[in-house]
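Colleague: Here is how the chains run, residue by residue.
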Amino acid sequence: DGGITQSPKYLFRKEGQNVTLSCEQNLNHDAMYWYRQDPGQGLRLIYYSQIVNDFQKGDIAEGYSVSREKKESFPLTVTSAQKNPTAFYLCASSKQGPINSNQPQHFGDGTRLSIL
Amino acid sequence: EDQVTQSPEALRLQEGESSSLNCSYTVSGLRGLFWYRQDPGKGPEFLFTLYSAGEEKEKERLKATLTKKESFLHITAPKPEDSATYLCAVNAGGTSYGKLTFGQGTILTVHP
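Those protein sequences? They're chains A and B, same order as listed.
Residue 75 in my numbering sits at position 75 of the first sequence; the count goes up by one each step and never skips.
Residue 215 in my numbering sits at position 99 of the second sequence; the count goes up by one each step and never skips.
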C-alpha cells in the first residue's frame, strides 16, 4: 500500500545536537510538508516543497532546515538553534503543489522528539 | 490573517448519542475546507474536502456540511471507535499560496 513513512517514531536530542527526521512517500506526490504539533495548538507549518530541489519556509522555520533531493524524500533537521524542539512532528504530501491544487494532504504517523 | 476555531474543545458522548462539532473560519477566500481524524500517537487521517457553501459529504456515521462562515461535522449514533481528535483545516485563496490553516481540534470521547 502507498503511504508516508516517518522514522524514527521516537527521538531524543541532547543539548547542542542536530537531529534529522526522515520522511519517505511512495504516493508519487509532488508536494511535501513538515508540521509541528504541540498540545492545545493547531498544526503549524515548518517548511514545504512543491518540487525537487526547491522548498520554502513556512510559519515557524527558524531553527529547522530541510532538503529535497528526491521526489520521495523530504528530511527535516532540527538544529541546536531550535530552543524548544520538544513536539510531535508530522510529514505530509499532496498530489500537486499548493498554488496549483486544492488536493488534500496525507500524513505520516509522526515522530515525537524530546530533549534529554 | 486566516483563522480557524473549533468548538467544543472536548466532547463526551454516550454511544448512540448524536451530536455535532463546529469549525468556524475567517479567511480571505476559501478554496477548500478539510476534515481529518487523528488517533493518539498517529498522524491525521483525511476524511472530507468541502469546496463551496451548501456542499455536504458523508462517510459512515459522519456527515460534513459547509456554510460561508463555518462547517459542521455531524456524528450520528456514534460508537466508541469514533473516539478521536477531529481536526478542521482551511485552504485559503487570495494572495496566500494555499497553505492549510488548522484549528486546535475537538477531542471526542464516546462511552459504551
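Hints in this document: simulated from the structure, not taken from any laboratory.
Predicted, not measured: the structure shown is a model, and the values here were computed from it.
Among the clues, some could well be false.
Claimed, not checked - The list that follows gives simulated cross-link-like pairs (lysine to aspartate or glutamate, EDC-like), each with its CA atoms no further than 20 Å apart:
#1 B:Lys158 - A:Asp54
#2 B:Lys215 - A:Asp54
#3 B:Lys215 - A:Glu15
What the hints assert, rightly or not - Residues from chain A that face chain B, not an exhaustive set, calculated with beta carbons under 7 Å:
#4 Pro8
#5 Tyr10
#6 Pro39
#7 Leu43
#8 Leu45
#9 Leu90
#10 Asn102
#11 His106
#12 Gly108
#13 Asp109
#14 Gly110
Glycine is no exception: its CB is placed at the ideal position from the N, C-alpha and C atoms.
Colleague: Could you run down the list of hints and mark each one as holding or not?
Modeller: Okay, the hints, checked on the actual structure:
no., hint, verdict
1, B:Lys158 - A:Asp54, "violated, 28 Å"
2, B:Lys215 - A:Asp54, "holds, 16 Å"
3, B:Lys215 - A:Glu15, "violated, 32 Å"
4, Pro8, "violated, 13 Å"
5, Tyr10, "violated, 10 Å"
6, Pro39, "violated, 10 Å"
7, Leu43, "holds, 4 Å"
8, Leu45, "holds, 6 Å"
9, Leu90, "holds, 5 Å"
10, Asn102, "holds, 4 Å"
11, His106, "holds, 6 Å"
12, Gly108, "holds, 5 Å"
13, Asp109, "holds, 5 Å"
14, Gly110, "holds, 5 Å"
Comparing the model with each numbered hint stated earlier shows that hints 1, 3, 4, 5 and 6 do not hold.
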